[in-house]
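There are 4 protein chains.
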Amino acid sequence: MPQSFMPNGSSTLTTNPFDDDKLREECGVFGIFGSPDATAHTALGLHALQHRGQEAAGITSLNGQEFTTRRVLGQVADNFTSQEVIDSLPGNSAIGHVRYSTTGETILRNCQPLFAEFSSGGFAVAHNGNLTNAAHLKKQLISRGSIFQSTSDTEVILHLIATSHFRGLMDRFVDALRQLEGAYSLVTLTREGLIGVRDPLGVRPLVLGKLDKAYIMCSETCALDIIGAEYVRDVEPGEVVIVTDEGIKSIKPFPETKPRPCIFEHVYFARPDSFMDSLSVYDVRKRIGAELARENTVDADLVIPVPDSGTPAAIGFAQESGIPFELGIIRNHYVGRTFIEPSDQIRHFGVKLKHNANKWFIEGKKIVLVDDSIVRGTTSLKIVNMMREAGAAEVHMRIASPPTAHSCFYGVDTPERSKLLAGRMDVDAMCEYIKADSLSFLSIDGLYRAVNHKDGRNNSCPAHCDACFTGDYPTFLTDQSEEEEKANQLNLIASTGS
Amino acid sequence: MPQSFMPNGSSTLTTNPFDDDKLREECGVFGIFGSPDATAHTALGLHALQHRGQEAAGITSLNGQEFTTRRVLGQVADNFTSQEVIDSLPGNSAIGHVRYSTTGETILRNCQPLFAEFSSGGFAVAHNGNLTNAAHLKKQLISRGSIFQSTSDTEVILHLIATSHFRGLMDRFVDALRQLEGAYSLVTLTREGLIGVRDPLGVRPLVLGKLDKAYIMCSETCALDIIGAEYVRDVEPGEVVIVTDEGIKSIKPFPETKPRPCIFEHVYFARPDSFMDSLSVYDVRKRIGAELARENTVDADLVIPVPDSGTPAAIGFAQESGIPFELGIIRNHYVGRTFIEPSDQIRHFGVKLKHNANKWFIEGKKIVLVDDSIVRGTTSLKIVNMMREAGAAEVHMRIASPPTAHSCFYGVDTPERSKLLAGRMDVDAMCEYIKADSLSFLSIDGLYRAVNHKDGRNNSCPAHCDACFTGDYPTFLTDQSEEEEKANQLNLIASTGS
Amino acid sequence: MPQSFMPNGSSTLTTNPFDDDKLREECGVFGIFGSPDATAHTALGLHALQHRGQEAAGITSLNGQEFTTRRVLGQVADNFTSQEVIDSLPGNSAIGHVRYSTTGETILRNCQPLFAEFSSGGFAVAHNGNLTNAAHLKKQLISRGSIFQSTSDTEVILHLIATSHFRGLMDRFVDALRQLEGAYSLVTLTREGLIGVRDPLGVRPLVLGKLDKAYIMCSETCALDIIGAEYVRDVEPGEVVIVTDEGIKSIKPFPETKPRPCIFEHVYFARPDSFMDSLSVYDVRKRIGAELARENTVDADLVIPVPDSGTPAAIGFAQESGIPFELGIIRNHYVGRTFIEPSDQIRHFGVKLKHNANKWFIEGKKIVLVDDSIVRGTTSLKIVNMMREAGAAEVHMRIASPPTAHSCFYGVDTPERSKLLAGRMDVDAMCEYIKADSLSFLSIDGLYRAVNHKDGRNNSCPAHCDACFTGDYPTFLTDQSEEEEKANQLNLIASTGS
Amino acid sequence: MPQSFMPNGSSTLTTNPFDDDKLREECGVFGIFGSPDATAHTALGLHALQHRGQEAAGITSLNGQEFTTRRVLGQVADNFTSQEVIDSLPGNSAIGHVRYSTTGETILRNCQPLFAEFSSGGFAVAHNGNLTNAAHLKKQLISRGSIFQSTSDTEVILHLIATSHFRGLMDRFVDALRQLEGAYSLVTLTREGLIGVRDPLGVRPLVLGKLDKAYIMCSETCALDIIGAEYVRDVEPGEVVIVTDEGIKSIKPFPETKPRPCIFEHVYFARPDSFMDSLSVYDVRKRIGAELARENTVDADLVIPVPDSGTPAAIGFAQESGIPFELGIIRNHYVGRTFIEPSDQIRHFGVKLKHNANKWFIEGKKIVLVDDSIVRGTTSLKIVNMMREAGAAEVHMRIASPPTAHSCFYGVDTPERSKLLAGRMDVDAMCEYIKADSLSFLSIDGLYRAVNHKDGRNNSCPAHCDACFTGDYPTFLTDQSEEEEKANQLNLIASTGS
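Line order of the protein sequences matches chains A, B, C and D. In terms of UniProt numbering, the first sequence opens at residue 1 and continues consecutively. In terms of UniProt numbering, the second sequence opens at residue 1 and continues consecutively. In terms of UniProt numbering, the third sequence opens at residue 1 and continues consecutively. In terms of UniProt numbering, the fourth sequence opens at residue 1 and continues consecutively.
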């Protein structure tokens, strides 16, 4: 692990490590300019975006000339809502960040916003996404004399700005952006104003809102709703939006490309009350459920959502199929953040800590279980088993997306391919593995239809990034390639040597 | 405030004080005898009962001769699941308690289980309910030389046992029970075994379960499910169940009475996956929704539950009325435990911290909102307003219970009558207050029908305690009467004097 | 270990467990009546008494009718000096307590002041000393229905008052006191006033002071100095001093006895700036050093104190003998409170964590080391060794008290007799054990001479409790006798059986 | 205040802010190479150096290729002595740092050791001293693209290395050192070995020791004693000592200069059991006391040290003058680390929290008080007053150094000149201010005599840095000059404008 002259943070704050079988969005961002309550609004916005990252949160505010930053391990509601904290982050503009991260990396020095004092002025940044050439750039920067403080790819951006040969801060920033490869939606704060950037493909979302005279840029519209702000429009892929005292302006410093926003945001990441790509996420999920019902008819007594993410698709499924929708699995809302190092006796009960079967309704019934996706399959296995123990006559699993067979390199925490159930086996084997009576996934065309592409996926020019389903990555993967090349060379040497 | 020679605990751990508009069950209990994993099972059981009390938790285990107790402010999952803690509570039997308490009283010395070392042996107790003559008994006990350590009514039971003129511990315990008035479901642990008690009216629930050779007594069946135990039966009102190495036996030391279990458990307190009075709580709630739809027809486009407690009734309402069920309000699952002393700017956003309207579906629609009850009305007002801001054409509020017009003295935290909306105004005024287009409550007969009393409430001999709706209290209220008498005397003196 | 219905405290706060080789006073008390700054004065007084107990501290204040208590594990300066804490303990009178306790018992529920609400009113008490019949009384009280919350002997006093057959609180208190055996200096607070009590033998100290209109009673005069109060006189053995709004009065409810104040207070416990039995503690210690020099002449180059407790005796020794006094051992003032569970590598360095030899002065010299006492001998061995490693030519150990060969049952933490070096071997063997060139202790007569009894100890009627040196205990030891009797019976049974 | 992308630490950990009237050494350093117990030895060494910095501590260990760092606010004994912590810092070599810092800056990101991963390898550094051109260099580095994470001058060294045009790490390091101005004793750790550096003037100390095969470099010899290591020699001014697996070597990369080690180390900073410049610190202080007695005779009854730093000089004074040495002021050893935000009532008692007069000895006596130095004079005033209240007939203050009239820029925390009592007034006025009967300081020549320069100070070529007494600074003060110039220009503009 890289070392730094920064304090070590705790790495114990993880959520239910023995039970999480979902892909995880790694970040959410929020920025506001021109509000007397900038910090409170940012805290509220981050709270609404908490589902995009639950392990760390941070806010940088700007009071005229002075930046103030507070970053913590933990959730927004627990750390950023007291009067004392709000008052400690003064100013009319602020940016914020929520973060999920893989175990071992949840340390404070990787938390955002990051800040640097350049000769051209102070600069704070919050980043949602992942750069696919960060390691490559970092190596170059270190060889030229840059000292890195974190293992975060975001710090690369700061050093690119610091060492740029351009003059003004804005030119240096654009110079830095042009060297990046991968996915990034950024909000940044300088003494001049708030800047929002979405990468040329627009992989991760970023929306623009307005509240009185203040402008907001944030990951999802639900963060606008909570503060009563109006949704203006999506920041466009490849767009740089600059908000200053003079008003708002927009530049497009990148060569034009066909956008490829992430389709999985619709399936699982985004909150159902958000709008994304001009669509209601909840409505898309219901339509996914309807597509699923059409693609895979089943003779059953009840449609049961795997709570809570499967619920909208289950409602859509039930409405399309006419099979009654029932809450057959009851969720315990008190499953905390912690369960740190649970005892063996506790760990043994796994899925039951979160869910219980509603026996009365299940006993003797043929049921359709609707879930959004299958990652490792461990939870699906337990849920199917729970239904059988509750007396279900038949258990038919329906998944509201295609098989997740490939890793994401754009800011989503995915297990290695070898741990993805769909990376290891075909649908029949998966059905057997989870011990369901039948298992069906939504087709990739069905998914595109649900997000308003009537003819399904245009394979020659797909409208979304769907790499996790198709393996079709829309950017170079420089770091990944260099690593593989290095591994190959080692293998070559090893095999030559033997 | 009474003072004690015990350490003061913190009183800051409250859940969203600015946003809670629900009645709160004050406690849940769990006891197990004869399990090699007694403490882990108790922790899991309490976790499943966490909805009955979120502010404090405690477990006492018994390892042959030695009792060990651990009590904390906070939730079970955060405090009782590590191997270290499980190992620190050794033994084959254990009892546990979760607790909610009113602000200012959340101090550790009021937490349970309580323990006393009598000359007749050690005795631990966990209590769900509330005694209505505790103050009266306490005064007598102090005058005879007892020293109280807590403000908890449960401590009265310990001192009654300690000072009883009977000989054996069991006889002393029964002697103590006979002096109690009010509601109590108890689990106690002695060196002989586990004892469960339900008061003669059976106001609060208590069920009996079995896992291999171990017996369990706990508040709800969901706590049996989580450990895979079998539900045997309810402990009967007035029954004392004793589990020892010799097996299980039952005595009924009280004069026979007609039971009056709390009907509000069905409406709100119990978990929907529990069985109560031999009924599925989820099914009762769906039938309540159906009754509600039958009693108050409405012309609407959507049925929307107020999440999460209104959901089963909303499903029942939708199925009965044929109006589609939709998730029109999205809940933020990250509303933490804390929000301690939120800033004014944060507090201002009130209900939005927890809920957001699903605008796409609401705009232009006539909607039926289904909630379980109205307490102060503050949340209802905000929710109706949220629907209007999201563009609802009409908002019809339907409540899955009769108006809550009276305080509970049996272990439920109720505001003073003057703060209950239904204690202050009639239904029309309430409708106007919450700014709905229409407002209807379920009738008391409709509620009884939903819990399987086809002819509604038998007013001469009601089958449940329904005092919060009817003001018909099934026991004397000794402490309440003595306080009122005292107040009257003071008033008399005051008015005579003037 | 007895169990209670009280929260468990932490038991980790101990001071250098691997290095403490001193007897420890178990408590200090302070009480004040009639001061607008009662709590601040109590905090300051306890701070001055911190050497009498470093592990826990507590204050109870009385504001007219209401008592407030705060008890913590830790030191006064760290817990009772902020404005917030001072303000949280309002009132014109207060009592406080500092406590040392043996490992495993340092739990909050044993901390003081203890408080009880009697039918005759509220009562707080802080206790320095130890009752020798507490277990005996406790057993009786439990059999009559009292419930104990702590393992502290002080709680016995509360239950004796609560169950007394007398009427007024004062009569009940005296009734309780008359049943006590052992050592106790008490300060208590009731709604009527402040009461100070010293047991008939006056084993532990208690002094009376005055500051403007306020009266103070506390363990040592240094606690008067810190708040600028005037020292009035010692509370007399067997005296009960009562301070109320009406003024101060004194009663003597016990049969007259010859006092036996603890002589070890002069040797080690009391602060050198205190007056005790009308003598300057520093001056007594210097005179002890002079006696020591007279009793045991030695040919040496330097007199070196074992810091810090040996310093006054070393100065006296140097002045009497004419051998120069030098700081040959330098103390590290940063040896904290903690060193909790030190690693083996750290533990290995033992005495060096606290002390270092001043080599320059020691090399090649014949030195006299002066220490106050030897308990286990482990530190003496290390110090002698440290001197040899620093090059000392000869090391002569001189101890400013007689050999400590017996346990104390009056409020001093002593190891079992078998762990006292002087309980296991004679002076020659001790000298060999600690590897000194010579070892001498002060004679018991020399010690009495230093505390102003010119003819030494009057063996037929000694003026002090000196049981730790002589084994001559001035009270019955009821609990001790009953335990031994029980052990003997068990042995009898065992030997008969075999 | 400069901002960074690093987490903010707490700034509340200060020691008795209302009572500290001493200059404070800002740091101590320790490094070891080739010991199986490197981390434990470093922890022990830092513990012995705790007097050089009590607010923060840190250790970096190196286990073959991997560096591990732990830094905390707080003391060594409380944070670095458990087996768990020792085990978390694996390796055969380690460096450590203790730190004092001015209020507002005590934040974790300024704590040391600092670490950077260069292209030429990992590099950890701990620094005692202060650079007088750090701001100047930092500005240049930022303009070239370096990003600073801390406000510590030490980080400048890292960036100078990172951006050096030389190739190997050692050459880059020397290149960096040559650009530094001011005082620095450094220990650094690379994958090749341990490097110790002392600036050309040798302002701050650094000594070399040996334990079996391991080499140690640290601030004072007392840190060698605690681990049983042998003192080899002082690292020479301008020397770079390199310890690797190949052994130890030394280079001198700077132009030769006459050394000027800090003379105040002898007066106050160093521990009395250390050797410094080949002299026993304790012996020097006794000789200072003797010089003081010779320079300023006084007719008195007692010599009383102001504890604890005045004690050796007082012993020397007493031995020289023949006036008896007595402990007239008793120190309370429990004055904690905290007293954070003390209440007004507590603050009021100021010096009494730490000290009490030993009245018995003082009453009616003419006393000589011996202290090491006077900074602001606030404590001296209180101590003199305390002596008068205890009944002293005359109070003669003798100071074991010349008047401290100038700020230190070499790593000692000094108040601004205007707050130094000797910066504001002459000796007579100072005597009046502290209300003593007489006041004398040691002459600068007397001080030099005591440190073995028989002829006193050689004014044309002084052997020590004595700038705090003389204002004769041995280096340029670039940052100070640039600031003054800037201030002058502003004044010029202001006065021209008016």
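Think of the hints as simulated: they come from the structure by calculation, not from any bench. Mixed in with the good hints, there may be bad ones.
To be verified - List time: in silico BS3-like cross-link candidates among lysine-lysine, alpha-carbon distance up to 30 angstroms:
id	chain 1	residue 1	chain 2	residue 2
1	C	K354	D	K22
2	A	K210	B	K22
3	D	K210	C	K435
4	A	K22	B	K366
5	D	K213	C	K354
6	A	K352	B	K213
7	A	K213	B	K213
8	B	K382	A	K213
9	C	K22	D	K249
10	D	K249	C	K249
11	D	K359	C	K210
12	C	K359	D	K435
13	D	K210	C	K366
14	D	K139	A	K138
15	C	K454	D	K454
16	D	K435	C	K210
17	D	K352	C	K210
18	C	K354	D	K258
19	A	K435	B	K210
20	A	K210	B	K213
21	B	K366	A	K365
22	D	K139	C	K22
23	C	K22	D	K352
24	B	K352	A	K210
25	C	K210	D	K22
26	D	K359	C	K213
27	A	K249	B	K354
28	B	K366	A	K210
29	B	K366	A	K354
30	B	K354	A	K352
31	D	K454	C	K210
32	D	K454	C	K365
33	C	K359	D	K210
34	B	K435	B	K22
35	A	K354	B	K213
Which numbered hints are broken by the structure, listed smallest first? The structure breaks hints 2, 4, 7, 9, 10, 12, 15, 18, 20, 21, 22, 25, 27, 29 and 31; every other hint is satisfied.
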